[in-house]
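Colleague: Residue numbers (the numbering used here), protein chains in the order written: chain A, 1 to 247; chain B, 1 to 247; chain C, 1 to 247; chain D, 1 to 247; chain E, 1 to 247; chain F, 1 to 247.
These aren't lab readings, by the way, just hints derived from the structure by calculation.
Some hints could be false.
Said to hold, decoys possible - Here are the simulated SDA-like pairs of lysine to any residue, each with C-alpha atoms no more than 25 Å apart in a straight line:
1. K82(E) - R205(F)
2. K82(A) - G88(B)
3. K82(F) - P47(F)
4. K242(B) - F208(B)
5. K82(A) - D66(A)
6. K82(D) - I209(E)
To be verified - Derived Cβ-Cβ restraints for the label pairs, each shown as a range:
7. E234(B) - P218(E): 54 to 60 Å
8. R31(C) - A235(D): 42 to 48 Å
9. E201(C) - R46(B): 26 to 32 Å
10. A238(E) - R230(B): 56 to 62 Å
11. P76(D) - R12(B): 37 to 43 Å
12. R50(E) - E234(B): 26 to 32 Å
Ideal Cβ positions, reconstructed from N, Cα and C, are used throughout, including at glycine.
There are 6 protein chains.
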Amino acid sequence: MIPIPAWYENPRIRQQLAEVSTATLTTQLFRHGLRTRYIAGVRPVRPGSRMVGYARTLRYIPMREDVDTLELLADPDNPQRKLIDGIGPGQVLVIDAMRQASAGSLGYILALRLQTLDAAGIVTDGAYRDTPGIRELRIPAYAAGEHANANIAAYHPADMDLPVGCGGVMVVPGDAIVGDDEGAVVIPSHLVEEVARDALEQEIREEFIAERVRSGSPLAGTYPMNDDVRAAYEAWQAEGAKREDVD
Amino acid sequence: MIPIPAWYENPRIRQQLAEVSTATLTTQLFRHGLRTRYIAGVRPVRPGSRMVGYARTLRYIPMREDVDTLELLADPDNPQRKLIDGIGPGQVLVIDAMRQASAGSLGYILALRLQTLDAAGIVTDGAYRDTPGIRELRIPAYAAGEHANANIAAYHPADMDLPVGCGGVMVVPGDAIVGDDEGAVVIPSHLVEEVARDALEQEIREEFIAERVRSGSPLAGTYPMNDDVRAAYEAWQAEGAKREDVD
Amino acid sequence: MIPIPAWYENPRIRQQLAEVSTATLTTQLFRHGLRTRYIAGVRPVRPGSRMVGYARTLRYIPMREDVDTLELLADPDNPQRKLIDGIGPGQVLVIDAMRQASAGSLGYILALRLQTLDAAGIVTDGAYRDTPGIRELRIPAYAAGEHANANIAAYHPADMDLPVGCGGVMVVPGDAIVGDDEGAVVIPSHLVEEVARDALEQEIREEFIAERVRSGSPLAGTYPMNDDVRAAYEAWQAEGAKREDVD
Amino acid sequence: MIPIPAWYENPRIRQQLAEVSTATLTTQLFRHGLRTRYIAGVRPVRPGSRMVGYARTLRYIPMREDVDTLELLADPDNPQRKLIDGIGPGQVLVIDAMRQASAGSLGYILALRLQTLDAAGIVTDGAYRDTPGIRELRIPAYAAGEHANANIAAYHPADMDLPVGCGGVMVVPGDAIVGDDEGAVVIPSHLVEEVARDALEQEIREEFIAERVRSGSPLAGTYPMNDDVRAAYEAWQAEGAKREDVD
Amino acid sequence: MIPIPAWYENPRIRQQLAEVSTATLTTQLFRHGLRTRYIAGVRPVRPGSRMVGYARTLRYIPMREDVDTLELLADPDNPQRKLIDGIGPGQVLVIDAMRQASAGSLGYILALRLQTLDAAGIVTDGAYRDTPGIRELRIPAYAAGEHANANIAAYHPADMDLPVGCGGVMVVPGDAIVGDDEGAVVIPSHLVEEVARDALEQEIREEFIAERVRSGSPLAGTYPMNDDVRAAYEAWQAEGAKREDVD
Amino acid sequence: MIPIPAWYENPRIRQQLAEVSTATLTTQLFRHGLRTRYIAGVRPVRPGSRMVGYARTLRYIPMREDVDTLELLADPDNPQRKLIDGIGPGQVLVIDAMRQASAGSLGYILALRLQTLDAAGIVTDGAYRDTPGIRELRIPAYAAGEHANANIAAYHPADMDLPVGCGGVMVVPGDAIVGDDEGAVVIPSHLVEEVARDALEQEIREEFIAERVRSGSPLAGTYPMNDDVRAAYEAWQAEGAKREDVD
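Construct all of the structure, not just a fragment, from the sequences and the given hints.
Modeller: Okay, here's the thing in structure tokens:
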């Protein structure tokens with residue numbers, strides 16, 4: 001088990017993360033000098049997915065034929081089974097499958113167990129097996145492919161709750177994992193509060209910009225905003241605030 | 001033409017294969033020491049696909065500009081055309097496209113011909129062309145991509161009814177080819193009967209396990225089953241059998 | 001800006017291009033000795049897409065950290081912004097993203113601007129960001145992937161309106177870009193008229209052939225047509241012409 | 001066994017092929033409309049290799065664990081062993097290893113056997129094993145990598161003397177296979193005589209051009225030659241012919 | 001630190017491993033059901049390399065810009081530095097660089113430190129930097145590429161002495177790592193004694209076979225040996241034993 | 001033509017660049033926030049290469065069969081030929097071959113012309129053809145592979161002297177291109193002076209560190225240096241300076 005991260009205890013932050021897109025989050029992470037926090041090549045298994053939680057990690061290494069047998073699945077020390085039975089609400093299982101979709105890194109019954117325990121989601125940079133079944137569940141699930149084979153055909157579950165790589169991104173247990181229809185991003189714990197707040201502000205700003213562009217404004221001066229447009233934006237915001245005061 | 005495999009003549013086996021998932025089949029094949037029988041990278045062109053049949057094979061090699069001209073399409077010895085015109089009910093056309101989606105390895109009119117002849121399906125480890133049209137047909141069709149180009153832009157049809165590779169899997173004419181929404185697996189003829197029977201039993205067992213997990217049981221002891229759970233499972237089975245006797 | 005290509009001014013040609021599939025177009029291009037004019041690996045972001053227009057090109061090169069900062073987005077000389085603000089009706093923005101989906105090569109607000117300006121479509125051999133948003137627009141959009149990162153995380157916009165590569169295909173400004181559900185093809189300006197006309201004829205011929213195949217005709221003799229079938233086809237055509245005369 | 005190709009019986013053609021580079025041969029093949037006859041990704045295992053012969057082909061498909069066991073190596077019908085024991089002088093063993101260096105497609109003892117039988121060379125688009133030992137032999141050997149594993153760890157030898165693909169090139173038994181330090185090219189039988197003759201002429205021409213460039217001539221006008229330079233070249237040739245007459 | 005494996009304390013085993021090729025070792029491992037123990041894609045940095053030792057492991061994950069700064073290099077807890085300063089004689093540093101040669105996973109000064117401490121070798125499935133310098137050292141070094149960049153440009157050193165993947169092979173600390181000019185193989189500790197002994201026997205047998213093949217024997221009957229050849233081999237061995245008795 | 005960059009006119013800077021390794025240069029570039037300035041995948045064609053010069057760029061795009069014919073080679077506007085005939089001393093020809101070694105991007109006669117004109121080197125992220133011949137020249141030449149085919153079999157020369165990508169790195173005409181046995185790095189013009197000076201200082205510091213490590217010092221405290229070691233280093237430097245004064 002790992003401690004609940006401070007940011008996760010704050011419902012406002014969770015709410016902000018649930019409202020913004022992964023694209024917006026990467027822009028904010030870029031502002032902090034982090035150029036690659038998007039888990040490359042990983043897609044939701046069903047449209048309309050939305051995920052906010054913090055990382056629990058499972059690490060795979062290449063299988064060895066004499067170790068990765070069907071018996072391993074009954075081994076109480078198998079970290080894949082231990083980690084999943086011990087998952088808690090708000091946690092996202094992040095699997096380092098070495099970016100290889102050469103077997104299913106997780107299947108239906110395990111995904112069902114995670115859903116039953118109120119896990120916040122599953123992300124693998126490999127494949128799922130039983131993807132049609134997983135698609136029928138409610139739990140947000142992201143993967144880089146589909147593969148019918150059992151995990152032991154290609155992987156050995158090595159350990160849990162260590163920093164891992166997933167889709168080319170360092171994932172530290174406790175990091176925020178946020179997913180939408182475009183994929184998933186990883187936010188280091190110490191940046192979550194600031195990034196979530198600024199991302200929401202950015203989305204409001206871009207809503208205003210999109211409105212202008214929709215009405216025929218050129219990108220130049222509008223996106224990003226020059227001084228005139230920024231003044232109009234601030235007026236629009238003030239207006240909105242006033243309206244809300246009245247309501 | 002190739003002889004109809006013994007397993008295919010048995011409707012019970014065909015029925016079993018039609019009821020189980022490709023994921024379950026790979027587990028049974030793993031039990032026989034076969035770790036990779038899933039055709040990697042290949043997906044159905046439409047959701048809800050379901051395919052059971054036996055393999056007829058078509059082998060492509062790289063094209064040569066002076067051989068692979070539009071005239072080749074009218075050549076009565078072109079194995080692509082011969083094989084397709086001679087396909088029979090229950091047969092699955094398996095194309096070894098060298099795992100390259102660098103042209104369409106088959107298009108709409110050929111797929112339509114296969115459907116008219118009651119072929120059981122089409123699998124290529126390359127791409128289709130006219131995929132939007134093929135998607136409108138009923139015949140199950142699996143591919144690794146889409147590509148508008150005619151096959152002669154990249155491939156030369158070399159021969160038919162020889163053992164080939166498809167998605168990294170050896171396919172021998174007569175092997176069972178089973179497909180669902182997750183992809184397709186290849187079962188060597190001599191294993192089909194045993195694998196089909198055991199796969200169906202596994203699915204019944206996993207239905208019981210999934211029910212337990214849904215009700216909150218941990219993976220440990222349930223999946224795989226320890227002695228207590230196995231006893232409960234056997235009781236559940238006996239119960240079901242009794243109920244069926246009554247019905 | 002580039003001049004409007006002669007072929008584009010002819011509404012009959014535009015109409016012909018809008019009625020034929022990309023697969024048919026590649027066959028016609030093959031007849032002219034062009035084996036690879038399909039933009040490899042690129043798919044429409046939404047089903048049912050249909051695109052006809054002429055190319056405006058944007059070229060990306062690898063980013064450099066000190067150049068590709070958030071400030072670049074406000075730079076009036078940024079060719080990405082200049083090109084998009086200056087796009088015109090019937091034009092397709094073609095992005096050479098070096099065939100790498102390592103960031104989003106274009107996002108929602110820019111796609112919205114293009115739609116507002118009546119651009120005919122967008123094609124990138126990289127990824128979009130904000131793909132869920134772009135999917136909600138009307139403008140046809142083709143890409144090789146999805147990636148939440150801003151373009152400056154991986155790319156630098158180098159210049160516009162030069163010949164580029166896109167998905168392995170040379171694209172010259174003014175070339176016809178035609179897209180359907182299978183992807184997009186590029187037709188050199190000087191061939192557009194002939195290719196469009198012949199493609200439409202081919203589709204009519206293949207409609208006849210498909211009808212025959214649907215009724216049980218073998219491929220041999222039908223596809224391609226032997227002399228007997230060709231005579232029947234010509235009669236069918238004459239019939240159709242007569243009927244149309246009557247109507 | 002396959003018949004000795006006519007071109008191979010002609011010692012002048014063999015001599016011409018032995019004198020020209022693979023680069024020159026590809027230019028001549030290009031003139032015949034063949035753009036890709038170079039076996040991509042394949043290098044000689046030792047510097048200074050020079051190979052001229054005609055193709056015998058061995059085809060690999062993916063292994064299956066129950067078929068590709070150590071017992072297979074003693075099987076008299078194993079096409080790998082049959083083909084190698086039956087190789088003849090002037091023949092080049094061409095292995096279609098599916099462009100995968102995932103095991104050694106041939107090892108030291110088999111290469112030694114080929115050398116003892118005066119085979120003209122070995123080419124694989126996979127890897128060798130025992131490469132250090134093969135490097136000590138005299139037989140020209142080309143491969144795409146090195147891999148210590150036995151071939152049965154990844155491949156199954158399917159058949160021999162059929163057309164195959166090697167490094168993306170169609171290879172028909174009897175085709176000329178020519179190798180130098182840059183790799184190997186495949187010349188269709190019916191073009192060998194013309195390509196060999198023209199390649200040698202091209203090399204003489206380029207010798208003259210290189211001499212000019214070495215002396216400071218610009219590429220423009222020299223390479224390719226304009227009328228003046230061509231006149232000088234023809235004089236130089238006539239001069240050479242005269243000198244040879246005198247000698 | 002990890003305990004010295006029992007097999008390593010036995011000088012006879014170390015000697016056997018030093019005499020056999022990696023190709024022979026993979027055949028013995030195949031006999032134990034292990035099909036892939038060769039570290040794929042990894043070559044010695046200089047010809048004539050020979051390595052025998054046991055694994056110490058270093059694990060890399062993707063870098064994060066705010067963590068992987070020049071300051072990290074001075075951090076006493078940096079596992080890369082700790083592991084290397086604590087290496088002992090006979091140990092092979094095995095780096096899991098995620099099979100990516102996207103930076104140098106180790107450079108000259110660290111390799112020099114390992115040599116000074118009598119390490120038995122270095123293996124990375126990424127690249128080295130300062131490869132020209134490392135080539136001048138004596139320590140056996142194997143890598144998948146060369147890359148001038150410092151490790152922190154792409155990697156973060158996560159931890160040490162855990163099971164890792166290297167070139168697609170599971171490596172457990174204490175495993176035997178044996179290298180020759182063809183690359184490196186990994187032998188699980190419990191198999192080392194048997195594999196080393198049988199590999200040496202196999203090499204003696206293959207020496208006899210190679211001699212026969214050199215003298216014109218066919219593969220059939222010789223490799224593998226039929227009963228007659230086996231009898232001749234046993235006589236040859238007895239002869240050799242007698243000779244050695246006399247010496 | 002492009003102007004000679006200021007840094008190139010300073011012989012001290014050229015001398016410093018000629019003395020340091022590409023690995024050292026990447027460390028200095030990292031200090032300026034530039035993580036990837038090493039041209040990935042590109043190696044010298046002969047050992048012991050050393051290159052210092054500034055970039056002239058040539059851009060390739062995918063070929064089109066009707067444009068990229070043998071006639072193109074005689075076209076006076078072909079940017080490949082124009083650029084090479086106009087190259088000057090100290091210039092490095094950098095070819096953007098789209099990171100594809102699918103044909104030779106340059107051959108012997110063109111490399112010879114560059115050498116005759118005292119070009120400082122050639123770099124391509126594709127392949128050369130005639131590599132055995134280019135290896136015999138003196139001009140430093142770096143490439144990602146070898147391929148016998150003429151460039152027009154895969155590429156079209158689009159233009160010259162524009163910013164391009166090479167091996168994943170932005171290259172602006174005038175940038176410093178430095179090569180050693182490990183490959184080549186690109187230094188933006190405005191950083192060359194500072195990077196060259198600091199790189200040389202770093203190499204002197206690392207020479208001292210290597211000497212310490214060779215004598216048994218641990219990495220900890222030595223590399224990077226702690227205060228004690230730094231004091232010793234400064235004394236060593238002062239000593240050296242004194243000695244040089246005496247000489």
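Colleague: Determine for every hint whether it applies to the structure shown.
Modeller: So, going through the hints one by one against the coordinates:
Proposed proximity of K82(E) and R205(F) is supported: the alpha carbons are some 22 Å apart, at most 25 Å. Taking the CA atoms of K82(A) and G88(B), the gap is about 50 Å. The hint is violated against a cut of 25 Å. The straight-line distance between the Cα atoms of K82(F) and P47(F) is roughly 30 Å, outside the 25 Å bound, and the hint therefore fails. Pair hint K242(B) plus F208(B) holds up; C-alpha atoms about 17 Å apart against a cutoff of 25 Å.
Distance restraint check for K82(A) and D66(A): the Cα-Cα separation of roughly 21 Å lies within the 25 Å cut-off, and the hinted pair is therefore satisfied. Restraint check: the Cα-Cα separation between K82(D) and I209(E) comes to about 17 Å, which is no more than 25 Å; the hinted pair holds. For the hinted restraint 54 to 60 Å between E234(B) and P218(E), the CB-CB distance of approximately 59 Å keeps it satisfied. The hinted range of 42 to 48 Å is satisfied by R31(C) and A235(D), whose Cβ atoms lie roughly 45 Å apart.
Hint check: E201(C) to R46(B), Cβ distance near 30 Å, so the stated range 26 to 32 Å holds. For the pair A238(E) and R230(B), the beta carbons lie near 57 Å from each other, so the given range of 56 to 62 Å is met. Judged by the Cβ atoms, the range 37 to 43 Å given for P76(D) and R12(B) holds: they are separated by roughly 39 Å. A hinted range of 26 to 32 Å for the beta carbons of R50(E) and E234(B) is inconsistent with their spacing of about 59 Å.
Hint violations for this structure: numbers 2, 3, 12, all remaining hints satisfied.
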